[in-house]
Amino acid sequence: GAGVSQTPSNKVTEKGKYVELRCDPISGHTALYWYRQSLGQGPEFLIYFQGTGAADDSGLPNDRFFAVRPEGSVSTLKIQRTERGDSAVYLCASSQTGRDTQYFGPGTRLTVL
Amino acid sequence: SQQGEEDPQALSIQEGENATMNCSYKTSINNLQWYRQNSGRGLVHLILIRSNEREKHSGRLRVTLDTSKKSSSLLITASRAADTASYFCATDAGNTDKLIFGTGTRLQVFP
Numbered sequence: 002g003a004g005v006s007q008t009p010s011n012k013v014t015e016k017g018k019y020v021e022l023r024c025d026p027i028s029g030h031t032a033l034y035w036y037r038q039s040l041g042q043g044p045e046f047l048i049y050f051q052g053t054g055a056a057d058d059s060g061l062p063n064d065r066f067f068a069v070r071p072e073g074s075v076s077t078l079k080i081q082r083t084e085r086g087d088s089a090v091y092l093c094a095s096s097q098t099g100r101d102t103q104y105f106g107p108g109t110r111l112t113v114l
Numbered sequence: 196s197q198q199g200e201e202d203p204q205a206l207s208i209q210e211g212e213n214a215t216m217n218c219s220y221k222t223s224i225n226n227l228q229w230y231r232q233n234s235g236r237g238l239v240h241l242i243l244i245r246s247n248e249r250e251k252h253s254g255r256l257r258v259t260l261d262t263s264k265k266s267s268s269l270l271i272t273a274s275r276a277a278d279t280a281s282y283f284c285a286t287d288a289g290n291t292d293k294l295i296f297g298t299g300t301r302l303q304v305f306p
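Which chain is which? The protein sequence lines are A and B, in order.
Here this note's numbering runs 1 ahead of the position in the first sequence, where the first position is 1.
Here this note's numbering runs 195 ahead of the position in the second sequence, where the first position is 1.
Chain A with its partners taken away, still in its complex shape (with noise of 0.2 Å):
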């Protein structure tokens, strides 16, 4: 079947611009997530929706990101004002559950000039 998917691949914007990446995830699984991963570090979590619902946002740095899931499948990570330090890969991953196994897409490369 098919994996998790992202669009877009990459997204080149200027600073100050709002931004919105797409996650769309294996089917059937319950659990969605975001990660961030600079140049030469380890993904770091941003947030968690388990169906429709953000059950763990403690990984967002500041409020101008924001994610949503309204259906419980497509997520939608969304960042105003975006800022030079904001230019990152942002991965989006599933579980069928939760704690399991998650499942990457192949990311968004996102540059602010």
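The hints are simulated quantities; they were obtained by calculation from the structure and are not laboratory data.
Beta carbons are placed, not taken as given, at the ideal position from N, Cα and C, and that holds for glycine.
One or more of the hints may lead you astray.
Claimed, not checked - Some chain A residues close to chain B (C-beta under 8 Å, calculated; not the full set):
hint	residue
1	42
2	43
3	46
4	52
5	54
6	55
7	62
8	66
9	99
10	105
11	108
Said to hold, decoys possible - Listed below are the simulated SDA-like cross-link pairs for lysine to any residue, each with C-alpha atoms no more than 25 Å apart in a straight line:
hint	chain 1	residue 1	chain 2	residue 2
12	B	265	A	62
13	B	265	A	41
14	A	12	B	252
15	B	251	A	79
16	A	12	A	101
17	B	221	A	40
18	B	265	A	42
19	A	12	B	236
20	B	265	B	306
21	B	221	A	104
22	B	264	A	102
23	B	264	B	279
24	B	251	B	231
25	B	221	A	14
26	A	12	B	265
27	B	221	A	58
28	B	221	A	42
29	A	79	A	14
30	B	265	A	60
31	A	12	A	114
32	A	18	B	221
33	A	16	A	72
34	B	221	A	62
To be verified - Which residues of chain B face chain A? A partial, calculated answer using Cβ under 7 Å:
hint	residue
35	238
36	280
37	299
38	305
Place chain B on chain A using the hints.
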């Protein structure tokens, strides 16, 4: 914050040799996972080992877990050039669903 530390940070070997990577973590866990990443993009899940397991095998991969030392190792036997990648360990840090990743080991396998 990073939970785990991989050791070594970088490893270069010849095809056919074995590669061993180590991971240490800080808090109690339910399970530990190893992932591979090529060219800084999507992570590929390799193996999950639960806290009550000591060793697990998958093909050319062997993972050990020592919860008393809070450490794990990943052994790749008979390495191939295609194994060249970054390898990360990730833990659930106990009663959480999120994964906390280490800093990774960059493996280079020369043909």
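Hints and how they fare:
no., hint, in the structure
1, 42, "7 Å, holds"
2, 43, "3 Å, holds"
3, 46, "4 Å, holds"
4, 52, "13 Å, violated"
5, 54, "13 Å, violated"
6, 55, "12 Å, violated"
7, 62, "12 Å, violated"
8, 66, "15 Å, violated"
9, 99, "4 Å, holds"
10, 105, "4 Å, holds"
11, 108, "5 Å, holds"
12, B:265 x A:62, "28 Å, violated"
13, B:265 x A:41, "24 Å, holds"
14, A:12 x B:252, "39 Å, violated"
15, B:251 x A:79, "39 Å, violated"
16, A:12 x A:101, "30 Å, violated"
17, B:221 x A:40, "23 Å, holds"
18, B:265 x A:42, "21 Å, holds"
19, A:12 x B:236, "14 Å, holds"
20, B:265 x B:306, "34 Å, violated"
21, B:221 x A:104, "24 Å, holds"
22, B:264 x A:102, "23 Å, holds"
23, B:264 x B:279, "28 Å, violated"
24, B:251 x B:231, "17 Å, holds"
25, B:221 x A:14, "37 Å, violated"
26, A:12 x B:265, "39 Å, violated"
27, B:221 x A:58, "22 Å, holds"
28, B:221 x A:42, "18 Å, holds"
29, A:79 x A:14, "13 Å, holds"
30, B:265 x A:60, "24 Å, holds"
31, A:12 x A:114, "11 Å, holds"
32, A:18 x B:221, "38 Å, violated"
33, A:16 x A:72, "31 Å, violated"
34, B:221 x A:62, "22 Å, holds"
35, 238, "4 Å, holds"
36, 280, "14 Å, violated"
37, 299, "5 Å, holds"
38, 305, "22 Å, violated"
When each numbered hint is compared with the structure, violations occur for hints 4, 5, 6, 7, 8, 12, 14, 15, 16, 20, 23, 25, 26, 32, 33, 36 and 38.
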